[in-house]
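Starting from the known structure of chain Z, fit chain E with the ligands onto it as the hints suggest.
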Amino acid sequence: MPTATATDVHESAAHNSAAHNSAAADRATLLGAWRAHRNAELTTHLAYHGSPPLPQRGDRTWPERFAAAIEESGLTGRGGASFPSATKLRLVGSARGNPTLVVNAMEGEPASAKDKVLLSCVPHLVLDGAELAASALGATRIVVCVAADRPDILAGVVRAVKERAGSSLAPVPVEVQQPPARYVAGEESALVSWLNSGPGAPSWRPDKRTPLTIGRRPVLVHNAETLAHMALVARYGASAFRAVGTTDAPGTALVTVSGGVEHPGVYEVAMGTTLGSVIERTRPTADVAAVLTGGFGGSWVSAAALDTPYAPRPLAEVGGVVGPGVLVVLTRRACGIAETARLARYMAGESAGQCGPCVFGLPAVADDLAYLAIGTRDRDAIRRLEMRVATVDGRGACRHPDGVARMVRSALSVFASDAAAHGAGRPCVFANEPSVLPPTVIAPLVPTS
Amino acid sequence: MSSVIKVNPIACEAYGYCAELLPELVTLDEWGYPIVDGSAVPAHLVELARRAAKDCPRRAFLLQRAVGP
Ligand code: SF4
Ligand code: SF4
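Chains as they are written, first to last, in the working numbering: chain Z, 6 to 454; chain E, 256 to 324.
So that you can see chain E by itself, here it is in the shape it has in the complex:
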């Protein structure tokens, strides 16, 4: 089962921890808000993504099971 990252744009306050932990998957826009592309998280990064989700101070960074189209 693959996972995808979702950012709750209402909750996120641009702390940027997620981008620090996971530069492979998260870039920040010019205002500091994370940009994720919605593709499946590669297996070797799942653990880090989980940590980023746990460490997000706003609980805005979510790792979710990919759902069908």
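Here chain Z stands alone, though its shape is the one from the complex:
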């Protein structure tokens, strides 16, 4: 999928709002090297950050020291689930067989551009993190996954992998794979299915704790940003990581901001920065009404909560979610229900087509929303929609329908008065205005078929 925020990557990366003013502190950020040199080459990377602290041959205590540093840093996964990275490392590290480390750079979220920024601007930080994590796990293979329709991301990865191939910076060999581009293709079990020569669709695990495998070997899937953070923690230490952010949510995070703003792009922010100040930097084009947090399967948050710190826990308290680091700004010159209808339509189209409740339920939800948005007088519309949302929630093999359920429920709550007015036959004047969503996502509000 083409990037949502069609900003030039250089421009995007230039925005940095990590709470730093000293050059030394800037060193421990994801995009500092790029800001300083505007160059993604290995020599620049090494000049700026020094060599990654990979283990010496035969150093048996290194893996545990690495895992301990990650644990102490409090790093959590930046792909969506915000799960403690050290726990994930240890779970797979204790399984039998040499694992495979998968770098997830699928950028499945249409409104995200952070994988592109990372792999175009600081690919070696991601690869350092992958080599470090792989060494800690005793992995014998690293696979970087880039969606098949993203030659722009692929180019940066391939160049960087070639630069270090065969050197001491690549103790574990790296290959690049291109799974099909689809919203759910970046889901862990879908990626692993594809790497097992399967269809690349999510698989059903009756017990979600069943570990994923490639052949019979364990596999660990990490988001590109998570690995880049690992490379920083290994170099500068857990305390440098914790020096930014909050006690609960340390470090910086990449946030892709788009929608009704003048400067869409990828921003590196300190965790705990208020939602409002993150958005302020991107210059909203009008008064903000609400923000979609956590991507298309995320959650709307009302502008009344803009003073909420951007971090998993505080956001959850106002119904929001960090997820993969996506914010879409909705101004007062747009209809939240119409945008939600468009999001639902897109998500329905991105179903992997495997599970009945997802295949039939999501289009039904999208239809309900579309008719609501155009103001079809139907007093029962909201109740029916709520019922259908409950029907699809939790009923697929993957969490795709759950994300849609969460996003639609949040819309019915944040835009409750609009929804009621539309159900009573009074649509928004903005319902047919151009959407704030990425062009690739927009479909006609009401299907023609």
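The set of hints was computed from the structure by calculation and includes no laboratory data. Among the hints, erroneous ones may be present.
Claimed, not checked - Mimicking DSSO-like on lysine-lysine, the simulated pairs with C-alpha atoms at most 30 Å apart in a straight line are:
1. E:261 <-> Z:93
2. Z:213 <-> Z:93
3. E:309 <-> Z:213
4. Z:167 <-> Z:93
5. Z:213 <-> E:261
6. E:261 <-> E:309
Just so we're clear, the structure is a prediction, and the values are computed from it rather than from any experiment.
For chain E with the ligands alone, coordinates are given in the frame of chain Z:
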């Protein structure tokens, strides 16, 4: 040891036999796909649940031992 019902949503093709055999525990959504609530199967229904699992043409209806949280 208690048992729970799980439906493999990828395999299920909405034949609905399970709901016919076990209306106490299975309802069908508006598209004909079974809805189960994941709670323990009462002892007197275990035998029927087992049959529903055996009769499911897609082997999508599973009776499993309840696992911890
Ligand atoms: S829930 Fe939807 S997206 Fe997920 S596997 Fe099933 S059909 Fe595919
Ligand atoms: S009998 Fe099997 S295939 Fe039919 S609805 Fe039940 S679970 Fe699905």
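Right, here's what the structure says about each hint:
1. Distance check on the hinted pair: residue 261 (chain E) and residue 93 (chain Z) sit about 26 Å apart at the alpha-carbon level, within 30 Å; holds.
2. Distance restraint check for residue 213 (chain Z) and residue 93 (chain Z): the Cα-Cα separation of roughly 14 Å lies within the 30 Å cut-off, and the hinted pair is therefore satisfied.
3. Using a Cα cut-off of 30 Å, the hinted pair residue 309 (chain E) and residue 213 (chain Z) holds, with the two alpha carbons roughly 24 Å apart.
4. With a C-alpha separation of about 29 Å, the suggested pairing of residue 167 (chain Z) with residue 93 (chain Z) holds against the 30 Å cut-off.
5. Of the supplied pair hints, the one linking residue 213 (chain Z) and residue 261 (chain E) holds, its CA atoms being roughly 12 Å apart against a limit of 30 Å.
6. As the CA atoms of residue 261 (chain E) and residue 309 (chain E) are separated by approximately 13 Å, the hinted pair is consistent with the 30 Å bound.
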